[in-house]
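**Q** As a plain string of letters, each chain reads:
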Amino acid sequence: MRKKAKRDLTIEQQLARGPLDLPYLALVLLLTAIGLIMLLSASYASAYYNLDDSVNTGGNPYYYFMGQLKFAIAGVVIMYLVSKFDYQRWRLLSVPAIAGSIFLLLLIFTPLGRTSNGARRWLDIGFSFQPSELAKVAVILFFAARLSKRKDQIKAPPKKWNRRTLRGRMGEFMENIGLLELVPYALILLIILLLLAMQPHMSGMILVLSGAAAVLFASGIRLYWFVGGGSVVAAALIYVITQTSYMNARIESWLNPLSDLKGDGYQLWQSQIAIGSGGLLGLGLGNSRQKYMFLPEEHNDFVFAIVCEELGLIGACLIIVLFALLIIRGYWLALHARDRFGSLLIVGINTQLAAQVIFNIGVVTGALPTTGISLPFFSYGGTALVVQLAEVGIILAVSRQIVAPKAE
Amino acid sequence: MQKSKQNQGRSSGQGNRTLFRRTIFLLVIVGVLAFIPLVVQLTRLQIFQHDYWEERAANQQTKDVAVNAGRGSIFDSQGRTLARSGTVYQLVLSPRDVLVSVDKEDYQNEDGTTNQSAYDAALQEKRALIVNGLVKLLGLDEDNLWKRIEYTNSAYEVLAYEMEEEDTAAVREFISENKLSGMLYFAPSSKRYYPYSSVGAHLLGFMAYTENSGSVKVGVQGIEALYQDVLSGATGRVVTSKTGAGTEMLSSYEEYIDAEDGYNLNLTIDSTIQSMLEQTLSEGIETYNVKNGGFCIAMKPSTGAILGMASSPNFDPNSYASVFDQNLLDELKGLADQYGTDSEEYNQAVTDALNLQWKNKALSDTYEPGSTFKPLVVAAALEEGIISPDDHFYCDGVHNAGGWDITCHKKYPGHGDQTVTQVLENSCNDAMMQIAEKIGPEIFWDYLENYGLFDSTGIDLYGEGTSVFWSGGKDFFTSVYGESSLATASFGQTFKITPIQMVTAFSSVINGGHLLKPYVVQSVSDDEGNNTYYRQVEEVRQVISEETSSTLRTMLESVVAGPSASGRNAYMAGYRIGGKTGTSQKRDENTGNLICSFMGFAPVDNPKVLVLLAFDSPAQSDFNSNYTPSGTYISGGNIAAPMAGQLIANILDYMGVEKQYSTDELEAADTTMINVNGYELTVAKGLLTDRGIRCRTVGSGNTVTGQLPAAGVTIPGSSTVILYLGQEVPTDKVKVPNLEGLSPSEAKNTLEELGLFLRATGVTDDGGTMEALSQTIAAGTEVAPGTVVEVRFVSSVIDYADQQLPEG
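Read top to bottom, the protein sequences are chains U and F. Position 138, counted from 1, in the first sequence is what this note's numbering calls 121; the numbers after and before it change by one each time, with no gaps. Position 69, counted from 1, in the second sequence is what this note's numbering calls 71; the numbers after and before it change by one each time, with no gaps.
Just to be clear, a hint being listed does not mean it is correct.
[Said to hold, decoys possible] Okay, the calculated beta carbon distance ranges per label pair:
{"#": "1", "chain 1": "U", "residue 1": "S214", "chain 2": "F", "residue 2": "I38", "range": "51 to 57 Å"}
{"#": "2", "chain 1": "U", "residue 1": "Y207", "chain 2": "F", "residue 2": "N18", "range": "17 to 23 Å"}
{"#": "3", "chain 1": "U", "residue 1": "M181", "chain 2": "F", "residue 2": "V137", "range": "40 to 46 Å"}
{"#": "4", "chain 1": "U", "residue 1": "L220", "chain 2": "F", "residue 2": "K106", "range": "36 to 42 Å"}
Since the hints were derived computationally from the structure, they do not count as laboratory data. Note that this is a predicted model, so its numbers are computed, not measured. Glycine included, every Cβ here is placed at the ideal spot set by N, Cα and C.
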């Protein structure tokens, strides 16, 4: 198909061909590159000794790196394609996306689902992937699409409630406090969280929740709903922590890693040894000793510990600053987005990304209990990286439509 | 802020402002503030707790292999090796690796589950192979081995210690045959060898594991203990990085700290002299049935160097944990027969026996020196000018001190009038008490201090004992209540000092008055033989003057050489031995047991060696008897002196000290038989008389046709040779008669009857009470006529302080 000349395009189409936000793109590519290098270093021993029973590295020390590299290249291509895609279309696509996500999450509990390490998170349909990755984006897309039209709805004449009936009065009251408006979001969120909880998938729940909450928050939902929602989540957390042995053990091993050296505590202990022994300047790139069969998952969730060991406090802080800049730039883009939908999209995706970074580093350093959240751009995992870059592609797509400041 | 406008429609501006504000809020919270605790936490771990984590990291990431340093050797003064270290092996089993070596995956059912019973059987088979093999090869305890091989948490079970290289061969073959090298291997370690077995055992000490020694044996006694740091050197280390699985990594992170071999010690001890001392001790103990062993010290009085130091019972440092002494073994055997080897009595007795044999009595024990102490008192009195050598003291058999009548060992009428020399010769207690009284408690106390009896000598050995004096100290001693203590102290009773203190103090009396610090390590050297340390003579103080010391030496020579002196049994012609006997009561035991000792030195004009020999409790014929079952009067002069005299003579011979003879002695000294065969009898007699040789003739005639002994044979000067006139010299062998108990003249006659010659040693003349103690050629031995038989004569000496001592 021949490309249309610019003058034939609608304004919408012209906007969608605007320039990418270069600082944001640069940060993403930089972090992806650093992430790849660190993954190579961290996974070297694990691949060489073929420690993970579920994969056969064949003793090739570059096994994990090569796998990740392919996905990174694919991811960057996909990111570019997504950024070219007019994000306004996501408004409509968000509905099938959310429905599809829920469908796939349900599909997990059919024989198509696969259980690994005690959790049923994977779908095997020709290839293996986690539907929760899709659900995380879908929720943001759907919420942002709907919530961006709040003011439009309000512009329409408010629905008349029949104040004579109890139902009518209740309805009016509920609408006034904003409850009615929340019902669909709450429903969708609850369904997805429930499906994730059944897997179980703690980290997925946290990320879905953080993305959804950010969109709801930014869209202007009254604060007391957050206070209320926060209280419910907190109560639920307290219940889970104190009443279930699963979380209880996690908390215990977090607070006192030495008490549980055979389990999670060992990982945290080894992680802290790696970080602590790195010191200010680190042992130098590639010189980690903890990666030699001491620290488990050193190329997955705990890759940041190896970063700290090899690059020291200075290197670790540099990477944290890069992440912070990426996040700040993301919010900056949200503030300048062309419309509410764009803003909310970025806020959702960006906050989710931030939550992932903060939770991961928090866990690795022992500041937070173990959750199993990987570090974006660093942790090994092809689909996660592709999805991450695709999400970044959406943000870049929004950035294309930012109206350039009037040139003098 | 929307509170007031809840019911009204919001303008789009309002909605966007909310969006803007809340996004800014998120930016600040999520983009900035949330990272602060993370950076804080990182800083905490990487900066403030860095050392802590680095240590943890090093602990688990590094393999720290100790490289044992070679322990230094110990040489005697002649360069003979008394102790050295060699490499031995210990057999190590890793039960964990035995478990791992049987791979679960080899025993899977078709559905992928493990065939547990097949796996268990395979594991059992592997273990049985190892256990049975080792039981067969090394005779290890099977039950114990099974228990240990099933302890799968362990990767380090030492099955056998200190195996010699040649003993490991069979097991090495077993390991390689069955491919067990990962789970069963030899680790080198070190073992200490003492080539001279028990010689100098107490001095050397031994090596053992202690609470703090860890996996390496350390010296726990004697020189091994005191010079542990010098001998052991510095353990080296090889630090390499390892993986979490424990395998070594080839990486740049390696550190080598070279092991520094220990230094060698060169002792003043001469193992020949040392074994002479031990020989003398064991002979005496056997002869007199000594119950509590004994001790013997040989010192070079001019330097304080210890030439030998022996203590009985002894042990073998190569196997220090087994009882060595035959008497103790007999005792234990008796207990084992009576109670069985599992009994408490037996085990306690074994423990006691071990502790007893490890004890260096010459260093750690204290004893009452008795009369050997008297020369110290006399020296003090002479030095202070309180008495002069010409003074006379009258002994009436008893002396009153502090209200107590303290008798001399020669009771009424006592020794009578004596010169100072005679006081020592007689070992007269009465006179000694008078001398001490003249000295007075103050000065006497000062001399105790000057002789170093209140302090340890500072000898470089581990475990020196502490002297025990009267409780109440100087205040008590100088008060009226101390008078009886002063009296008894004058003859060396009522206080206890260590043998080494006694020897050190005595050496100052005879070496010119110098109290020296005794020592056993002459120098410390490295493997190239370069000395890193050389011991200099250390003088603590001058106690008495050269002149007083010289006077004392002369007096003490009389004690040995005098015809009826108490030390006469130590006399050996040509050696100029001086000394003093001692027979001390063990007052704190109340058993009636005695310590018989002799302190002797030679040559008197320039002492080369000082010897203290003591036997603790020779067996008595019955309780409190003064006689041994064989009828020897129990005293230092009878039991210790003869042995000490011989010992000193042997040591001087070994040291190559030239003999000095007095005129009398010279007459009795050996001469060489000349050839008179074929001469006229008168000419022959003349020739022999010129050389001081007497002769008798056998047969009749004028020409000498044969002579006994033949020309060139050395005979004692006083011998009567036989000249045969017209007869052949008999060649039939004769049996040496038993001479024990005979007087010198009887012995001489008996031998000459048979055509044998007597060489008398020991006491030469004391007026008829001498008797033969021993002969060099045993009775019944067939020898050719003309053979010289050496016979040692002693005489009975009663110098024992049979006095009634005051209590306390």
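**Q** All the hints need checking, so say for each whether the structure fits it.
**A** Quick rundown of the hints versus the structure:
no. : hint                        : verdict
1   : U/S214 x F/I38: 51 to 57 Å  : 25 Å, violated
2   : U/Y207 x F/N18: 17 to 23 Å  : 21 Å, holds
3   : U/M181 x F/V137: 40 to 46 Å : 59 Å, violated
4   : U/L220 x F/K106: 36 to 42 Å : 40 Å, holds
Taken one by one, the earlier hints fail for this structure at numbers 1 and 3, listed in ascending order.
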